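K.L.:
The residues making up each chain are set out below.
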Amino acid sequence: MEYIILLLAGILFATAIYNLLQKQLLRIIIGTVLISHGAHLVILTMGKLKRGQPPILDESVADYTDPLPQALILTSIVISFGITSLLLVLSYRTAKENNTDNMEEMRGESNE
Amino acid sequence: MIFAVLLPLVLALFIPFLSKFKEKVHTGIFVVLIPLGIFLYFVSFVGNDFSPIHHTYNWIPSLNINFDFYLDGLSLLFVLLISGIGTLVVFYSIYYLHTSENLGHFYVYLLMFMSAMLGVVLSDNVFVLYTFWELTSISSFLLIGYWHHRERSRYGAQKSMLITVFGGLSMLGGLVLLSVITGTTSIRSMIDQVDVIASSGYLPLILVFILLGAFTKSAQFPFHIWLPDAMEAPTPVSAYLHSATMVKAGIYLVARFSPIFVDYEWFFITVSLVGIITLVWASYMAVRQTDLKGILAFSTVSQLGMIMAMLGFGTEAAVFAAVFHILNHATFKGSLFMIAGIIDHETGTRDIRKLGGLLTFMPMSATLALFGTFSMAGVPLPFLNGFYSKELFFGATLLNENSSSIASFLSAAIPYLAVFGSIFTFVYSMYFFFGVFTGPKKLHLLTKKPHEAPIGMLISPVVLVLGVIIIGLFPNIVNGSLLNHAAQAVRNSTVQYTNIHYWHGFEPQFIMSLIVVGVGLILFLTLKKWSNIYSIIPGKLNLNKLYDKIINKTDDYSARITNSYMTGSLKLYMSIILAAIILFSFTVMITTGGFNNITFDDLAEVEIVDISIVLIMVLAAICTIFINNKLSLIIITGIVGFGISLLFVVFRAPDLALTQLVVETVSMALFLLAYYHLPELRKREETVGSSFTNLFLAIGTGALITMVGIAAHSSDWFKTISDYFVETSYTLGGGNNIVNVILVDMRGLDTLFEITVLGIAALAIYGLIKVRKDKEAE
Amino acid sequence: MSNLAVLPIIIPMLAGIIVAFTNKNVKITRFLSKLFSIISLLVAAYVTYEVFLNGSIILETGDWAAPYGIILVADQLSILLILTTNIIAATAAFYAPHSLNIKQETHYYYTFFFLLITGVSGAFLTGDLFNLFVFFEVLLMASYALIVLGGDKVQLRESVKYVLINLFSSMLFVTAVALLYGVVGTVNMAHIAERVAEVEQKGILTTIGVILFFVFGTKAALFPLYYWLPRPYIVPNPVVSALFGALLTKVGIYSILRVFSLIFVYKMDITHESFIWIAGLSMLFGVVGALSTNNIKLIIAYNIIPAIGFIIMGIGIFNQDSLSGSIYYLIHDMIIKSALFLLVGVIAYVAGTSDLRKMKGLIHHYPVIGWLLFISAFVLAGIPPFSGFIGKLLLLRGALSADEVVITIIALLSSLLILYSVMKIFIRGFWGEKDDNKTYTKKVSAGFIMPIVCLLAISVFLGLGAQFVYPAVDGIAEYLLDPQIYIDSVLKE
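Protein chains in written order, with my numbering: chain Z, 1 to 112; chain W, 1 to 778; chain S, 1 to 493.
Everything labelled a hint here was simulated from the structure, so no lab data went into it.
Errors might be hidden in some of the hints.
[Said to hold, decoys possible] Just the calculated beta-carbon pair ranges, DEER-fashion: (1) S/Val453 / W/His105: 19 to 25 angstroms; (2) Z/Ala62 / W/Ile622: 53 to 59 angstroms; (3) Z/Val61 / S/Gln484: 47 to 53 angstroms; (4) Z/Asp63 / W/Leu619: 31 to 37 angstroms; (5) W/Leu546 / S/Val453: 38 to 44 angstroms; (6) W/His677 / S/Leu53: 45 to 51 angstroms; (7) S/Lys24 / Z/Asp63: 14 to 20 angstroms; (8) Z/Asp63 / W/Phe600: 52 to 58 angstroms; (9) S/Val368 / W/Asp548: 30 to 36 angstroms; (10) W/Val688 / S/Asp488: 56 to 62 angstroms.
None of these values were measured; they are calculated from a predicted model.
Using N, Cα and C, we set each Cβ at its ideal position, and we do this for glycine too.
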């Protein structure tokens, strides 16, 4: 199962990168969303999957899933959310100011 | 000794205050006392019984960088030149520079240079030497650019800085290498370890590094091109830095380090060859000049080449002749520069084509110039010091015997080249004197009516010419007291050279002198006929143009290179970064066998539910690439996000599942809010090549993550630290939900700053929106 | 006692929050900012004093023992960098009011500024790899906010690129931390180091190390990852550029130094050997960039890259001398880069343009600025007796004692070109005739110049007074060469 999830993570990374390499801002942002999903899956898998119960203490349970990656993912999800929201507003403002959402038209002049 | 070295630098700080009174008293009058004091201090060391003295003052002892001042014969010679000529030059400048000039700056730079130059010749510590060395370059740069409103001054200043700093850095490389090999920073200790250096295998590299420093500073071919342009500096500066002292720093360096190299054949070959080429080339070029200072500049270059060549010969006679000529050159060339300055000052031009017949107007200057130029030409008269050292030089060229074929070929050729070069020396010396002071008067070409210089301006050249004559008449007064000590320091052994004679029979060197004078005379008298040849050769071989080309091309190519990849295209930036990551990581993974221990043992079982979630997510992810409708794109992305939270459920991470669900929902809402403001998606307009690159980079990155993930998962060397969290979550953390306890307690710091991140994001978004509102309000 | 370690993080954080509330009143905000930056500097100085006197301060946050909780490690390296950061922060706080307009100031500039310092300090202090990621995010988020401050068209455009590149590398960072966790089962750096050492960095570990290197290398702007850097760094206000140039890339290079001296030191022929090549290419491409432009801000921005090259060169060579050289150069470069960015800010302000082709003869009007630039050029190029020289000398010594001749030559050559690139501004912009077509009316107050003078004075001190600094740096290099000291101090085994 782990390897399947890692493969999924790989595919998420691949599609994310493909989107990141596009010109339109919205696609690029979608790319960043996908890449963070991929990263989170990698974290989760690195704690091994399905080894025991959810990490909530219970006297009847002996084995728990590795709780640390889950804590790390939680932190990461919140941070990614923060960045994505900023990025959304930023790109909307940028598209408005520069009158385009095409990154290739936002190269700027050399040595300006 | 440290006082003597640093005194000018420290006093320079007070100059700006002095220049406030410059309307009443010329700043130079105060300044002249400084070199004079230093000269008097050092002159007390001169004598037959001189023995080296050594003072140490700590600076950075932990790096072995200390002010180790070591005064031996060679240093003494230079110190006297620096302070002696310095005194005369400052004195001369009092009359040369008007008080309306920015005298404060001038004297600050000049004193800075004086300190630096004294430091160069007195430091035994290589890094202190280097420090002072660069300071001479900097002060020279500032002095050349003194009249920086002139385009040529700026050009000359930049050129001299680039070339000399280039050499300085190269020398630094050599010095570091020497200090690494010998484990010391003292030149004397390095010389004691010649064997260690020779056996290190780095000798050739050290030689190249050090010589580049010396050749650039001493304006040796092909680095001499900065010196003629340095003539943009005020004439006192040219006389001082660019003829008597700074340009001899390279000579000093070679002399100082020659005990290390003297047994190394390539030292002889390179130094002699470069020296002799410089001698020939520059004396030939000097004949082509029309600017008086231009003639003197090339003449300086050629004389430096001659001294350099002698150091390359390395024999006792040659070294002695070299130090003798260092002294002599300073006297006659210094006086000639001052005369050139006087002529410029009193006639308003330095162009020899506009000058002539000045003898009647400036008899005093003419007399001085006569001695200077004839001494420079090496005319065999007993009261000209230039003749003695020139003849010693000719003698030295004959003494070389070498084993290897290149060296012996060179040895055989050197006497001829020396004579050949000296002929032109003779020609331009005559040209300088007779061109200016005799012949038809061309007063209509002058802006001023020429007259003799004020007496104060003549004092300095008079002193120097007296030096020429006295050394010429009584060469042995400087011999035992000064030159022998200097030669000994260079040779690092005793030098048995006691007497200099005017006449020692019809030896080859005398015949060489005669040839020079004879052929030189013929060439000079027929100068007009040859002028065509002088203007044709060297024709295209123009090193200045090469320099200009290099500088322009540097700007040009760097712009071209940089603009070719700094296009501002995010896609290009990303592609390069990704390509680097993929290539490098895969290479490392393969070479280190990172993928070797893959196992399929320790894996969780696969269930239908899991697989179907994964499949849906894969489909959705791939769809994001192909969808051209923004609403669908956002929804499809949402599917991936919700898929993730389902996976979290499956993999027993309830907190994650909930958070992901909330975040995903809010994100979707945000996306949909922004949805209205973003334009509709367009079809992906890509070329096949670009799609292919994208695909390669995408798959490469994905594959990298998957493979490294699998390899990482397969390793089972360590247990994770998580058991501790399970054990202590309740007992120490007081909570049953382990993930929560980790977040708020064990890794509370993470959470605190995660909130900070959110806070900043919120403020930033607020700011962005506010800016828009403000703008709209306007 | 050990709580001292958290002060360099907490003080700027509190300061950031407090000034957010006084935001409406600019005067009070300015005063508080200066006050807090001075307090923070004094505290940093005190902690530095403590660390050098009594050894590293290890703080187990929440009293959770290492390696389970998050550890803050104030060792000599991190505290020295924090002290430098605080010096720069203080000068920036005094410079900012002269450089920013009221609108920018009231858009929470000071809050973002202090939180940036928080993030930077945290990144230097933390002993936990995941926590390092969090602090990276703090400082990056603050930098995102600072870069768009003012909201110009150009600023927005460049900041989108900046955010995207950094976002990508952040995600790669988390992934790399996760992969590392998958192998060694821990995120505490000392613990990771211990475990990596135990298996001699076998298998996949080197690859993970390389991925981490690329993450940090992107932040540090190394070849070939630096493309994103120059332009975003010149669009914001000079004071922001100074903070970016002095701090952000340096956090990246610090992380490389830390991780590749503590953790991944067992396959040096692959990792560190490549660093030397990367160093050479960074130097060359960096100076070529600096020579390519007539925009004075861009000249300075490009000069970040060769400096980073010098530092990574020392890490690559990895001996006592080269590491001290890297650390010395790191501190030197933080100081001089901020001085230069502030300085070109002033120049662009008085000249009304940052295009060198439109300037000439400025020295007739602004001699002080001219001479400050003149000295800065030599400091930057590593001409003695200034600070750059000591670092460069150590690096060259390290390189040549390791028989690395090629990189030595490249380093020497780029020093020359660095000097040329900055000297160009002096020769073309300051020298020359008075420009009669232009009137220079803008006055430069002492408060605008003083921060630059202070920074330059420190640079000069770092050179002339190397005797007071170098032994400490040398001690740090020795300490870095033996990772066990760090591991033992954190894990207390």
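K.L.:
Compare the structure with each hint and give your call.
P.N.:
Taking the hints in turn, this is what the structure says about them:
Range check, S/Val453 to W/His105: Cβ separation about 20 angstroms, and the 19 to 25 angstroms hint holds. Checked against the hint of 53 to 59 angstroms, the C-beta distance between Z/Ala62 and W/Ile622 comes to roughly 41 angstroms, which is inconsistent with it. A beta carbon spacing of about 39 angstroms between Z/Val61 and S/Gln484 contradicts the range 47 to 53 angstroms that was offered as a hint. The given range of 31 to 37 angstroms is respected by Z/Asp63 and W/Leu619, whose C-beta atoms sit roughly 33 angstroms from each other.
For the pair W/Leu546 and S/Val453, the supplied restraint of 38 to 44 angstroms holds, since their beta-carbon distance comes to about 41 angstroms. Against the hinted window of 45 to 51 angstroms, the Cβ-Cβ separation of W/His677 and S/Leu53 comes to about 58 angstroms, which falls outside the hint. For S/Lys24 and Z/Asp63, the hinted distance range of 14 to 20 angstroms is not satisfied, since their beta carbons lie about 56 angstroms from each other. Taken as a hint, the range 52 to 58 angstroms is violated for the pair Z/Asp63 and W/Phe600, whose Cβ atoms sit roughly 22 angstroms apart.
About 33 angstroms separates the C-beta atoms of S/Val368 and W/Asp548, a value consistent with the hinted range of 30 to 36 angstroms. Between W/Val688 and S/Asp488 the beta carbons are some 58 angstroms apart, a value that agrees with the proposed interval 56 to 62 angstroms.
Taken one by one, the earlier hints fail for this structure at numbers 2, 3, 6, 7 and 8, listed in ascending order.
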